[in-house]
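K.L.:
Same order as they appear, the protein sequences are chains A and B. Every letter in the first sequence is one number past the one before it in full-length UniProt numbering, and letter 129, counting from 1, is 129. Every letter in the second sequence is one number past the one before it in full-length UniProt numbering, and letter 127, counting from 1, is 127.
Simulated from the structure, these hints should not be mistaken for laboratory data. Please note: incorrect hints may appear among the correct ones.
Each pair may be met inside one copy or between any two copies, as identical chains are not told apart.
[Stated by the list, open to error] Straight-line distance between alpha carbons at most 25 angstroms, and here's what the computed DMTMM-like set of lysine to aspartate or glutamate pairs gives:
hint	residue 1	residue 2
1	LYS134	GLU80
2	LYS279	ASP26
3	LYS3	ASP63
4	LYS134	GLU160
5	LYS279	ASP146
6	LYS46	ASP179
7	LYS22	GLU61
8	LYS279	GLU252
No experiment lies behind these values; they were computed from the predicted model shown.
Protein chains: 2
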Amino acid sequence: MSKTVGIIGLGLLGGSLALALKAYTDYEVVGYARRQEICDMALADKAVSKAWTNVDDVIRESDIVVFALPPETNAKFFAEKAHLFTSGQIVTDVSSAKDDFVASVYQHIPDGVIFVSTHPMAGSEKGGYEVVTKDLFQKMGWIVLDDPEASCYDAAVADELANMGQSIGSRIERVQMKDHDAFLAMVSHMPHLMASIMTVVVGGDELGEFRMRLSAGGFRDSTRTAGGLPSMWKEIIFGNRKNVLQSLELMEQEVNHVRQLLARDDDGAAIEEYLGRAKQIRERLPYLTGQVNDANLE
Amino acid sequence: MSKTVGIIGLGLLGGSLALALKAYTDYEVVGYARRQEICDMALADKAVSKAWTNVDDVIRESDIVVFALPPETNAKFFAEKAHLFTSGQIVTDVSSAKDDFVASVYQHIPDGVIFVSTHPMAGSEKGGYEVVTKDLFQKMGWIVLDDPEASCYDAAVADELANMGQSIGSRIERVQMKDHDAFLAMVSHMPHLMASIMTVVVGGDELGEFRMRLSAGGFRDSTRTAGGLPSMWKEIIFGNRKNVLQSLELMEQEVNHVRQLLARDDDGAAIEEYLGRAKQIRERLPYLTGQVNDANLE
Numbered sequence: 001m002s003k004t005v006g007i008i009g010l011g012l013l014g015g016s017l018a019l020a021l022k023a024y025t026d027y028e029v030v031g032y033a034r035r036q037e038i039c040d041m042a043l044a045d046k047a048v049s050k051a052w053t054n055v056d057d058v059i060r061e062s063d064i065v066v067f068a069l070p071p072e073t074n075a076k077f078f079a080e081k082a083h084l085f086t087s088g089q090i091v092t093d094v095s096s097a098k099d100d101f102v103a104s105v106y107q108h109i110p111d112g113v114i115f116v117s118t119h120p121m122a123g124s125e126k127g128g129y130e131v132v133t134k135d136l137f138q139k140m141g142w143i144v145l146d147d148p149e150a151s152c153y154d155a156a157v158a159d160e161l162a163n164m165g166q167s168i169g170s171r172i173e174r175v176q177m178k179d180h181d182a183f184l185a186m187v188s189h190m191p192h193l194m195a196s197i198m199t200v201v202v203g204g205d206e207l208g209e210f211r212m213r214l215s216a217g218g219f220r221d222s223t224r225t226a227g228g229l230p231s232m233w234k235e236i237i238f239g240n241r242k243n244v245l246q247s248l249e250l251m252e253q254e255v256n257h258v259r260q261l262l263a264r265d266d267d268g269a270a271i272e273e274y275l276g277r278a279k280q281i282r283e284r285l286p287y288l289t290g291q292v293n294d295a296n297l298e
Numbered sequence: 001m002s003k004t005v006g007i008i009g010l011g012l013l014g015g016s017l018a019l020a021l022k023a024y025t026d027y028e029v030v031g032y033a034r035r036q037e038i039c040d041m042a043l044a045d046k047a048v049s050k051a052w053t054n055v056d057d058v059i060r061e062s063d064i065v066v067f068a069l070p071p072e073t074n075a076k077f078f079a080e081k082a083h084l085f086t087s088g089q090i091v092t093d094v095s096s097a098k099d100d101f102v103a104s105v106y107q108h109i110p111d112g113v114i115f116v117s118t119h120p121m122a123g124s125e126k127g128g129y130e131v132v133t134k135d136l137f138q139k140m141g142w143i144v145l146d147d148p149e150a151s152c153y154d155a156a157v158a159d160e161l162a163n164m165g166q167s168i169g170s171r172i173e174r175v176q177m178k179d180h181d182a183f184l185a186m187v188s189h190m191p192h193l194m195a196s197i198m199t200v201v202v203g204g205d206e207l208g209e210f211r212m213r214l215s216a217g218g219f220r221d222s223t224r225t226a227g228g229l230p231s232m233w234k235e236i237i238f239g240n241r242k243n244v245l246q247s248l249e250l251m252e253q254e255v256n257h258v259r260q261l262l263a264r265d266d267d268g269a270a271i272e273e274y275l276g277r278a279k280q281i282r283e284r285l286p287y288l289t290g291q292v293n294d295a296n297l298e
């Protein structure tokens, strides 16, 4: 008989994971949502075979419990519900910042309960069950966080969760738990903040609206993630702020460095070299991530 | 008999403009390219009815001469060829930074020759005739630069060039010449440099490649323009460096400001408010520019 996956939180990630598991695996899927109407929508879509507005039932009926709420909320929920887990049950999560949740798990997890964290690198600036899709994970990275020192970690379960990601179309990456948040601050959380910063600098003053009328695809794409949900990204960024602050400091230093290159009276030789170096690095990205580098309009 | 438009430079912008004018207007179109093979490709596509590797012929046969080479090159060419223009002929350009070219025109333009500058806000990180498309200008902004103080400026010609942009699908914006480069530094040139800066910070060290494997659509889109042609963008950015340096300084100050907000022990209240403000500003963008704000994956 196939295992049951219980997904706590049927937003964009949790709801899409439910649809993907139904479509591409033989896992049984059940879920929790705060609002009954979301449970009803997920049931109507057959994303889940059962859904509750009560976490306890999900934990009771699942072999693998996936926490798919924002990091702080995941952490609070786990602290409250840890005692409900029984030996051999598997706990995982899909959030973008790990500090809060992992600390809560390591503090409260009962003996014999297994915890391996994952991070599917998918999402959108739009959130909620309304935008779920079974193909959200196709071709995206799916990070499995290895933490051999942790007593609740199990290598076989880590492989099982890696296979789960692969079966719904993701590219698997293995990262040491202790390194994850620093990496993610650099590739996701800081870039998200930079999009907001650029939006405020360019569009935030009295000339901002007219100025933005003169923008094109470059500004549009550079600032896209500034449309993300503030409440969710606040939890992700603030939950990882030590690393995000370091990444922002690196950006501040590099902007200053580039200002000095641009100030040189060298007919732009230093800037052209810098642009060339960045281009070389950027061109490796599609091959590293397997994503097509769409030639959107500038 | 319809007017002849001579396009100097059949790269992405010039070549696409030729195709668009052929497709959507009754202008006669001729062109210049440095290499004969590009002339042959443009002739084969019927983008132009005649093409030369010699600028003189284009100037001789055109009512409207469009400089579509990089800004510095446009400036050099105009200085060399200005004497070939005759009274009543119209000179325009389509480049992203105006200082060099406009200075050259105002210095060398013969009496009676009319100059009105335009800036179609279209392009791509890929350049060259190989990527031209007749619909490059659809739904994009087309700036007409008004400069009533200049003796070579003509309001009726400015309207004619605005109509040209509208007829190939663009949204017309009118900007005072003296304001153009400062606006463009903010909405295009600085964002382009920021994409390169973020690419170097995130992907430029020994951990860069592994780090980039963990990135998703947010980093991909934020850094897309770092794939642009260094030689071309050097001319644009260095040609506008006074304004670009000011924009970079504003970014550096704002990054520092946000670091201070994030450092507050306020459970992220200040950061959430900041993200909310940026989201509000960003959400005006698609409506302002008429561009579809694709919900690319995060």
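K.L.:
Which earlier hints turn out false for this structure, listed by number in ascending order?
P.N.:
Of the numbered hints given earlier, those the structure breaks are 1, 2, 5, 6, listed in rising order.
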